[in-house]
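**Q** Taken in sequence, the protein lines are chains S and V.
Position 65, counted from 1, in the first sequence is what the working numbering calls 65; the numbers after and before it change by one each time, with no gaps.
Position 42, counted from 1, in the second sequence is what the working numbering calls 355; the numbers after and before it change by one each time, with no gaps.
I should point out that these hints are in silico values taken from the structure, not numbers from a laboratory.
Glycine included, C-beta positions come from ideal geometry on N, C-alpha and C.
Errors might be hidden in some of the hints.
[To be verified] Label pairs and their calculated CB-CB ranges:
1) 489(V) / 216(S): 51 to 57 Å
2) 359(V) / 158(S): 19 to 25 Å
3) 456(V) / 176(S): 42 to 48 Å
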Amino acid sequence: MTPGPVSERRAASPPPPTSKRTRPARDATLAWGFLAPSVLVFALFLIYPLGRTVYLSMHGNDIIGRPNRFVGLSHFAEMVSPEFGRILLTTLVFTLGVVVPGVVGALAVVLLLEGVLRGQRILRGAFALPFAFSVASASVVFAVFYSPGNSVLNGILYRMGLDQVPWLTSQEMALWSVAITTVWMNLGYGVLVLAAGIGAIPKEVNEAARIDGATGPRLAWDVTVPMLGPQLFFLIVISTINALQSFGQIHILTGGGPVGSTTTLVYSIYQDAFAYGTSDFGRASAQALVLLAVVLVCTVIQFGVIERKVHYS
Amino acid sequence: MSREPSAAVGAAGTGTATGTVREPERTGPVRARARHRHGFGHVFGRVLLFLLLAAFLVPVLFPVYYMFVGTFMEPRELSTFPPRLLPTGVHPENVQGALAAVPLLRMYTNSLVMAGIITLCQLFTSALAAYAFVFLRFRGSAVVFALFLSTLMVPAEATFIPNYLTLTGWGLGDTYAGLVLPFLAYAFGTFLLRQSFKQFPRELYDAARIDGMGHLRFLWTILVPLSKPALTAVGMYVFITSWNMYFWPLIITRSTEMQTLQIGLNSLKVGESSNPGLLLAGAALSVLPTLALVIFGQRFIVRGLTAGAVK
Numbered sequence: 001m002t003p004g005p006v007s008e009r010r011a012a013s014p015p016p017p018t019s020k021r022t023r024p025a026r027d028a029t030l031a032w033g034f035l036a037p038s039v040l041v042f043a044l045f046l047i048y049p050l051g052r053t054v055y056l057s058m059h060g061n062d063i064i065g066r067p068n069r070f071v072g073l074s075h076f077a078e079m080v081s082p083e084f085g086r087i088l089l090t091t092l093v094f095t096l097g098v099v100v101p102g103v104v105g106a107l108a109v110v111l112l113l114e115g116v117l118r119g120q121r122i123l124r125g126a127f128a129l130p131f132a133f134s135v136a137s138a139s140v141v142f143a144v145f146y147s148p149g150n151s152v153l154n155g156i157l158y159r160m161g162l163d164q165v166p167w168l169t170s171q172e173m174a175l176w177s178v179a180i181t182t183v184w185m186n187l188g189y190g191v192l193v194l195a196a197g198i199g200a201i202p203k204e205v206n207e208a209a210r211i212d213g214a215t216g217p218r219l220a221w222d223v224t225v226p227m228l229g230p231q232l233f234f235l236i237v238i239s240t241i242n243a244l245q246s247f248g249q250i251h252i253l254t255g256g257g258p259v260g261s262t263t264t265l266v267y268s269i270y271q272d273a274f275a276y277g278t279s280d281f282g283r284a285s286a287q288a289l290v291l292l293a294v295v296l297v298c299t300v301i302q303f304g305v306i307e308r309k310v311h312y313s
Numbered sequence: 314m315s316r317e318p319s320a321a322v323g324a325a326g327t328g329t330a331t332g333t334v335r336e337p338e339r340t341g342p343v344r345a346r347a348r349h350r351h352g353f354g355h356v357f358g359r360v361l362l363f364l365l366l367a368a369f370l371v372p373v374l375f376p377v378y379y380m381f382v383g384t385f386m387e388p389r390e391l392s393t394f395p396p397r398l399l400p401t402g403v404h405p406e407n408v409q410g411a412l413a414a415v416p417l418l419r420m421y422t423n424s425l426v427m428a429g430i431i432t433l434c435q436l437f438t439s440a441l442a443a444y445a446f447v448f449l450r451f452r453g454s455a456v457v458f459a460l461f462l463s464t465l466m467v468p469a470e471a472t473f474i475p476n477y478l479t480l481t482g483w484g485l486g487d488t489y490a491g492l493v494l495p496f497l498a499y500a501f502g503t504f505l506l507r508q509s510f511k512q513f514p515r516e517l518y519d520a521a522r523i524d525g526m527g528h529l530r531f532l533w534t535i536l537v538p539l540s541k542p543a544l545t546a547v548g549m550y551v552f553i554t555s556w557n558m559y560f561w562p563l564i565i566t567r568s569t570e571m572q573t574l575q576i577g578l579n580s581l582k583v584g585e586s587s588n589p590g591l592l593l594a595g596a597a598l599s600v601l602p603t604l605a606l607v608i609f610g611q612r613f614i615v616r617g618l619t620a621g622a623v624k
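Isolated chain S (complex conformation) (with noise of 0.2 Å):
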């Protein structure tokens, strides 16, 4: 497979198509053009922005974000501060505080219609109406129902004599306040993952599970959990890196506030590139590198257990 003759036998004369020695060299140039496209995009907005990052975050910059002089590690060395351990400490809790409600709400749910004889499919569906709310229409709406004025949400303890909540206002409600927000856009998606998993438990396994006289709740938690391991496995995986990229829902509800209660790396990163017109592209790439660590390390144990899942069964 010498490129060299096969190609200049090709230039020479247009061969059969079903000329066999000719056909890989074909295929190999034609794979490439298919490929490129994507490769391009890949290679200008993927592979050499990330050497761009690396090379922004080892440089200081001027007021408009021009690199002007070279750092080294100094915007890594500030990370080990107790303002950058405030903003990983926030982004730690609030991803705890999204995926384990989202993970068990949906497991819940999902058992839970199991046991519906009918209409199952169209309360799937319910529950995966939150799914067409962008975050910018999901924020909105909530933040009508967390509005200091005349909040929704207050309004409904308020008739249930209840006291009311400072929903954004209070610097330790506010991280929860866009957790449920973004727990509430996530549940759907689990939902219809784990629904996909339970429909693809072979008929056989129930079976023998109910000749064995599981019924009901034991049914649901020794037979389906199990079974489910690796959707909630994957599910459990994607709900954490979402969190982590988690930004609108910050953006529009509390602007990261109040006093950066609610500043995770992502909004950080935003912050110290974008808003107010800072520019600090040195100190955003930093952290930026930092988020892509922390992906990363994520992906990588995904798919070092499924890797493992894949011999198992």
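Once you have looked at the hints, place chain V on chain S.
**A** Frame of chain S; chain V shown alone:
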């Protein structure tokens, strides 16, 4: 959920997925369980089940309900405390107010153009690449495919700063080109279409080739028409994620004329935070297209979304 086409679905690329998802409602347990319907304990169980389901369903549906009901309330009914929860009639003031406050229709067009271009281009680039991986033999095919998949691991947010600098450097800030260029190819689509193409009957391919049909003609006249379900699944998925993009349109657009609907919602929220009715009306208007897709195309969406989750 971050709706940027990014690592959001990245982990789906495990090579273990099948690309097809069995419809969950075809499973046996439903009918089998009907046989167990008897006794007081059973009735109690059913009641408990429905109460628990309602406990989840009400909070999930309430925001959807309130968005539409609030949209058609009178503005003052929403700005009193406690705000009304039940509809009182159909009042168009909020919708009119939202359209007057922000040029939502123009932004609708921008979102449609952006999401449309991204979807068509991704289908094009993904189908070509998937074809190369399935039907063409070339050295390093497996390695290149692995490299394609590895691009899914990169969170889009990590590339936004350099992409912003590149595109504004080319003078493409605040243009459609700037909005769409970084998203014209995406390995997730390639991955899904590869799964689908692999199931294409080999004999049909061989027959077409022996008849002297070229690769491009085979791709266009036979493979694409027969792969419509997979293409639709990918297309819908890409359309919804790009329609919902937030971070990138926020930084690359400046003028109201170029902003997308999602950014318009934020402007509405910033400018009209004291008018909850306008916010709800804006959200309702922006959700309509994707809501229609989710309701009428759920089967395709499930297929695209869960492809990585089921072996």
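**Q** If a hint holds in the structure, say so; if it doesn't, say that too.
**A** So, going through the hints one by one against the coordinates:
Between residue 489(V) and residue 216(S) the beta carbon distance is about 55 Å. The supplied range of 51 to 57 Å therefore holds. Between residue 359(V) and residue 158(S) the C-beta distance comes to about 34 Å, which lies outside the given range of 19 to 25 Å. Restraint check, residue 456(V) to residue 176(S): a C-beta distance of roughly 45 Å satisfies the suggested window 42 to 48 Å.
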